[in-house]
Amino acid sequence: MTRLSFEKALEQLEQIVHEMESGQLPLETALKKFEEGIRLSRYCSQKLEETEKKINLLIENRDGSISEKPFVGNDDLADKEVE
Amino acid sequence: MNTSSPQPIYSVSEFNQSIKLILEKKFPLIWIYGEISNLKIAASGHLYCTLKDEKSQIAIVIFRGQLRQLKFTLQEGMGILALGRLSVYEPRGMYQLILEYAEPKGVGALQLAFEQLKQRLGKEGLFDTSRKVPLPFLPSSVSIITSTSGAVLHDILHIIDRRFPSIAIDVWPVKVQGDGAAEGIAHAIVKANEIARTDIIILARGGGSIEDLAAFNSEKVARAIFSSVIPIISAVGHETDYTIADFVADMRAPTPSAAAELVVPLKAELRLRCGELQNRCISCIQGLVSAKWNAYRVVRRALVHPSKAIQELALRLDDNMIRLNRAVNLLIQIRKDVSTHLARYIMLNIPKEKISKYKLIISGYNDILLKQINTCASERKLRLSSALASLDALSPLAVLKRGYSIVRSLPEKRIITREKDVQHGDSLEVTLAEGQLKVTVDKS
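Chains as they are written, first to last, in the numbering used here: chain U, 1 to 83; chain Z, 84 to 527.
The hints are simulated quantities; they were obtained by calculation from the structure and are not laboratory data.
Bear in mind the structure is a predicted one, so any value in this text is a computation, not a measurement.
Idealized CB from N, CA, C, for every residue including glycine.
Some hints here could point you the wrong way.
[Said to hold, decoys possible] Here are a few chain Z residues that sit away from chain U, every Cβ distance over 10 Å (derived from the structure):
| # | residue |
| --- | --- |
| 1 | Q100 |
| 2 | K103 |
| 3 | L112 |
| 4 | S127 |
| 5 | L169 |
| 6 | Q199 |
| 7 | P219 |
| 8 | F220 |
| 9 | T231 |
| 10 | I252 |
| 11 | D253 |
| 12 | Q361 |
| 13 | I365 |
| 14 | S461 |
[Stated by the list, open to error] Here are the in silico distance ranges between beta carbons for each label pair:
| # | chain 1 | residue 1 | chain 2 | residue 2 | range |
| --- | --- | --- | --- | --- | --- |
| 15 | U | E21 | Z | S310 | 41 to 47 Å |
| 16 | U | E21 | Z | V381 | 31 to 37 Å |
| 17 | Z | A196 | U | K54 | 38 to 44 Å |
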């Protein structure tokens with residue numbers, strides 16, 4: 001499940017719920033789907049919580065490299081625009 | 084005159100008709116700019132005027148319907164940029180432009196440049212919907228290319244924070260107007276693609292005049308947007324302002340705030356949906372398990388101990404036997420009844436004389452049979468006694484009676500017929516007609 005996007009995970013979860021709700025699954029398959037569904041739901045929740053908030057200001061130096069500074073507020077930055 | 088390809092001779096109306104066909108086919112819809120003069124509105128509501136520049140002029144018609152849709156009032160001396168098609172008015176041999184759309188050409192050159200660039204890039208395929216990249220559903224991080232002065236960046240950050248607080252954001256500060264703005268924006272787009280650590284780029288600017296938005300109408304920015312691998316959402320100016328950037332971008336948001344809302348989903352909503360799906364998953368499996376459990380119980384109930392099953396079978400067997408007996412008895416009874424009935428019927432129908440006549444015949448046969456049996460018996464008796472007499476004559480006893488004896492060695496009981504078969508002192512048995520003797524041989 002590495003690199004599975006949130007959207008894909010959510011889609012798969014929806015598909016599983018749909019399949020399970022159709023009521024056509026034999027018990028064995030339903031149990032497998034259920035486990036998969038719970039795993040996906042945990043994965044989704046985890047994805048929702050994991051990204052940490054940070055805002056970076058990216059400024060190009062004279063040599064073309066990019067330096068990165070934490071962004072505080074936009075009042076003090078009016079003079080730092082790229083020329 | 085050349086006889087091999089004679090020049091046609093037109094009537095006036097034929098000629099005008101030919102011109103109409105050629106011209107209207109050649110110029111179906113064209114952009115034109117110029118200055119309005121000789122403006123008059125007819126009683127019908129249609130507008131007639133001429134459009135001119137320094138050297139030339141052309142007759143213009145705007146029909147009432149199109150006139151009503153214009154967002155401004157046409158005035159004498161006003162410069163306009165217009166979209167129209169060429170029409171030849173046959174009865175008078177005149178051609179004129181029928182305008183579909185017009186806008187004030189206040190900034191003239193800029194607006195025209197905008198339209199020309201838009202047309203050129205459009206033809207090149209920069210606006211093709213097939214080239215547009217879908218926006219990610221949930222970006223892991225977002226790039227914002229905009230000015231750090233003004234409310235735009237603040238608005239975007241505020242909305243992202245409200246919808247999905249934990250998303251990482253890269254801010255690319257750029258000049259959004261004035262000299263070098265287009266180059267700065269294009270460069271930021273290229274750099275963001277080089278770093279490639281965000282899933283989406285928001286290109287934003289607040290509202291402004293067409294001169295203020297010039298960078299977003301530049302070919303440089305348009306081509307940078309087109310080349311971007313990362314999808315770009317444009318949010319330039321107000322809802323009514325359209326820039327070239329808007330047409331090239333993968334999506335256009337009417338305002339910067341709207342862009343933030345389009346890019347970042349509501350975390351709370353997603354969490355809710357996730358939870359809801361999980362609950363449905365759980366209730367589904369619970370429902371299924373309890374349904375299977377019920378089904379099992381039904382089957383379990385139906386499963387009885389073999390002895391009980393045998394008892395039941397025995398009962399059924401008994402029941403069947405009883406019913407079978409009853410049925411057989413009933414059948415027998417019915418046949419009995421029928422046969423009694425028939426016997427009675429027969430008895431009733433045999434005449435008495437016939438019976439006595441048959442009795443007589445039968446007793447006659449009886450006598451004959453008795454006589455034959457008696458005759459047979461006496462014949463057999465006779466034959467038996469004669470047979471006994473001949474048997475008597477053949478018996479060795481009869482020979483013995485005539486004086487012969489039988490000599491046998493002892494103890495072998497071998498019959499002796501020659502003298503040399505016995506030795507001195509042997510014991511012999513002599514059988515006479517009546518009784519036996521035991522003798523010893525004396526050969527001395």
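Which of the numbered hints are not met once you compare them with the structure shown? Failing hints, ascending: 7, 8, 9, 10, 11, 12, 13, 16.
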